[in-house]
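S.K.: Protein sequence lines correspond, in order, to chains A and B.
Numbering follows UniProt numbering, in which position 233 of the first sequence is assigned residue number 233; successive positions increment by one, without gaps.
Numbering follows UniProt numbering, in which position 35 of the second sequence is assigned residue number 35; successive positions increment by one, without gaps.
Keep in mind that the hints were calculated from the coordinates and are not lab data.
Owing to the predicted nature of the structure, the values given are computational and were not obtained by experimental measurement.
Take these hints with a grain of salt, some might be off.
Copies of one chain are not kept apart here, so a pair can be met inside one copy or by any two copies together.
Keeping only pairs whose Cα atoms sit at most 35 Å apart, straight-line, the calculated DSBU-like set for lysine-lysine is [as the list claims (entries may be wrong)]:
1. 198 with 37
2. 163 with 47
3. 198 with 122
4. 249 with 262
5. 262 with 236
6. 129 with 262
7. 249 with 82
There are 2 protein chains.
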Amino acid sequence: MIITVVGLGVVGGSFVKALKGHGHQVYGIDIDENTLKRAEDEGCIIKGYQDGREIISKSDLTIICLYPSLVLDFIKNNQFKKGSIITDAVGIKSYFLQEAMNIIDPDVEFVSGHPMAGREKKGFEYASKDVFKNANYILIEHPVNKKECIEFMEKFVGTLGFKSVKIMSPQAHDEIISFTSQLPHAIAVALINSDNEKYDTGKYIGDSYRDLTRIANINEALWSELFLRNRENLLKSIEAFELQLDLIKQGLVENDEQILKKLFINSSKRRENLEK
Amino acid sequence: MIITVVGLGVVGGSFVKALKGHGHQVYGIDIDENTLKRAEDEGCIIKGYQDGREIISKSDLTIICLYPSLVLDFIKNNQFKKGSIITDAVGIKSYFLQEAMNIIDPDVEFVSGHPMAGREKKGFEYASKDVFKNANYILIEHPVNKKECIEFMEKFVGTLGFKSVKIMSPQAHDEIISFTSQLPHAIAVALINSDNEKYDTGKYIGDSYRDLTRIANINEALWSELFLRNRENLLKSIEAFELQLDLIKQGLVENDEQILKKLFINSSKRRENLEK
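Model the full structure from these sequences, guided by the hints.
M.R.: Below is the structure:
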């Protein structure tokens, strides 16, 4: 199979690295010449292209790992092989799929996906097949998808090290992702921004503050797009979180140990069972 | 110098491991016989005691790594060597020091401390001198402390791998800690408790949710005590956080990309500079 990965950043780079040794013909497209050369030198891709039109027209599977708006541009500006599959790694799906379905050739199958894997560090040098190890994958099924294409993608992803592949609608994806991905980012941003900077904070932190603020360092263009394209779900998730924070506040205001203990017992049990 | 570490859990265990090879005579006290045996076998302590009265009366430095209320009991029930120093690792200081000063022998110097190091895992087997590596330490100075004892502790802690040792009042400690430690714990608990459990959440998470909920698994007795003994500071920290979360909500409600971008640029800059 001819597979082309578009955008060899940390996610796209991890795809080409995870694909090594699986017997596919893997090509890469990126704007950065050095990245392409490095991917070639490491034997991850047969050849790299800055202009991918030629290889795209021959690819059986195109994995587009670009920012949402660039994925749409890429689909618009390229002629894909008839009967081939395109997939992506965009973090929001309802809005994005609507847009994508408007521009995609009906002879081409778009199976949208979301590898729940990444790093706060950017770029090919941080890409690794370990990024995918034990990570979760969500595949999006929408009414025009062919069943066999979804099944193919499920199997394909399963060979790359992911521990779970779930198939769901774009709406369900955006609902759960507003809670598991966007809410944590909103919280991390609000936490570090709420520092009154009276003290030299970095000298008074442990791993808890480090862990909770790590994802506060984010690309503002990407994340404002992700937040705004899923704003209703995200607002609901924030409000549910605030209700729980209110319970903690209630325990503090009323000096009620029992309220707090109950909340902590519940959170501990949930955390222990999270990935069981 | 004769040093006795009381409680060989992850923090106390890390103390005896970090003290190896520094030329001190190190002893350990713990209720668990196996832990003491293991610490002896690993050459971390000369001898372990379940009843420590004998060794405590000879120790120049006693490092008590027990839960807050147990520290007070231990101080009450033991006769310390005249002129010796006692320290602890309790996470709240104003209330705790008040209680401790009421019961401590005036011939003994209590230099309270807070190693900002730990693990979500409990027990001696997770203790390691690496726990202290590059971590922060806070030493508490109060009016009855002898200057030379504070200076001694500052130097002593510096030999154990910590990258920063700060000296401050109990009030300042509790203020900054309500933000850097207790607020993150409150957030983690509220986040995981706000899961409506409509989906099998563990299959739809990435590292962001894992990182932000790791500390949601906490000991309910310890943490309700830490929260309630510092409730006014913690409530202020929660309220400052909520104001920042409100700004994100405002950006979402008003569909305003500029508000969000500004918040994300600020949080990214703060995170990048956090430990510089």
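S.K.: Would you mind marking each hint as holding or not holding in the structure?
M.R.: Consistency of the hints with the structure:
1. Taking the shortest alpha-carbon separations for residue 198 and residue 37, neither the intra-copy value of 48 Å nor the inter-copy value of 46 Å comes in at or below 35 Å.
2. Taking CA atoms no more than 35 Å apart as the test, residue 163 paired with residue 47 passes inside one copy only; the shortest distance there is 30 Å, against 46 Å between copies.
3. In this homomeric assembly, residue 198 and residue 122 come within 35 Å of each other (Cα to Cα) both inside a single copy, at 31 Å, and across copies, at 33 Å.
4. In the homo-oligomer, the alpha carbons of residue 249 and residue 262 lie at most 35 Å apart both inside one protomer (13 Å) and across protomers (28 Å), since each shortest distance falls under that limit.
5. For the homomeric pair residue 262 and residue 236, the shortest alpha-carbon distances inside one copy (24 Å) and between copies (22 Å) are both at most 35 Å.
6. When the C-alpha separation of residue 129 and residue 262 is checked against a cutoff of 35 Å, the pair qualifies only between copies, where the shortest distance is 34 Å, while the shortest distance within a copy is 41 Å.
7. With identical chains, the CA atoms of residue 249 and residue 82 are never at most 35 Å apart, being 58 Å at best within one copy and 44 Å at best between copies.
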